[in-house]
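Visitor: Sequence:
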Amino acid sequence: MLTPLVGKTQNTHKFVSEEKRQKIYQIADQIGHNLLSPIKNKLGEDYTWDEIKISLAWRQARKYD
Numbered sequence: 453m454l455t456p457l458v459g460k461t462q463n464t465h466k467f468v469s470e471e472k473r474q475k476i477y478q479i480a481d482q483i484g485h486n487l488l489s490p491i492k493n494k495l496g497e498d499y500t501w502d503e504i505k506i507s508l509a510w511r512q513a514r515k516y517d
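Using the numbering used here, the final residue of the sequence shown is 517, and nothing's skipped along the way.
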């Protein structure tokens, strides 16, 4: 699970660029945050599964800060 990792990480820039993170958020807002395969399909090969998971976990964790 990535949420414990995110809670201990000061920023996700080590793993995902700001540009990629914002694009992931944009697509996730359109498609839904629980549907990872459609998000990945829409983003294409330039985005890894880990980048998507880390970005969405980070965003979710920030809601509870």
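Fair warning: there could be bad hints in the mix.
Computed Cβ-Cβ distance ranges for the label pairs, DEER-style [unchecked claim]:
| id | residue 1 | residue 2 | range |
| --- | --- | --- | --- |
| 1 | Lys515 | Ile483 | 17 to 23 Å |
| 2 | Tyr516 | Asn493 | 25 to 31 Å |
| 3 | Ala513 | Ser469 | 26 to 32 Å |
Within a straight-line C-alpha distance of at most 27 Å, the following computed DSSO-like cross-link-like pairs (lysine-lysine) qualify [claimed, not checked]:
| id | residue 1 | residue 2 |
| --- | --- | --- |
| 4 | Lys472 | Lys515 |
| 5 | Lys505 | Lys515 |
| 6 | Lys494 | Lys505 |
| 7 | Lys494 | Lys515 |
Just so you know, these hints were derived from the structure itself, not from any lab.
C-beta: ideal position from N, C-alpha, C; glycine also.
Visitor: Of all the hints numbered above, which does this structure not satisfy? Sort the numbers upward.
Guide: Per hint list: single violation, 3.
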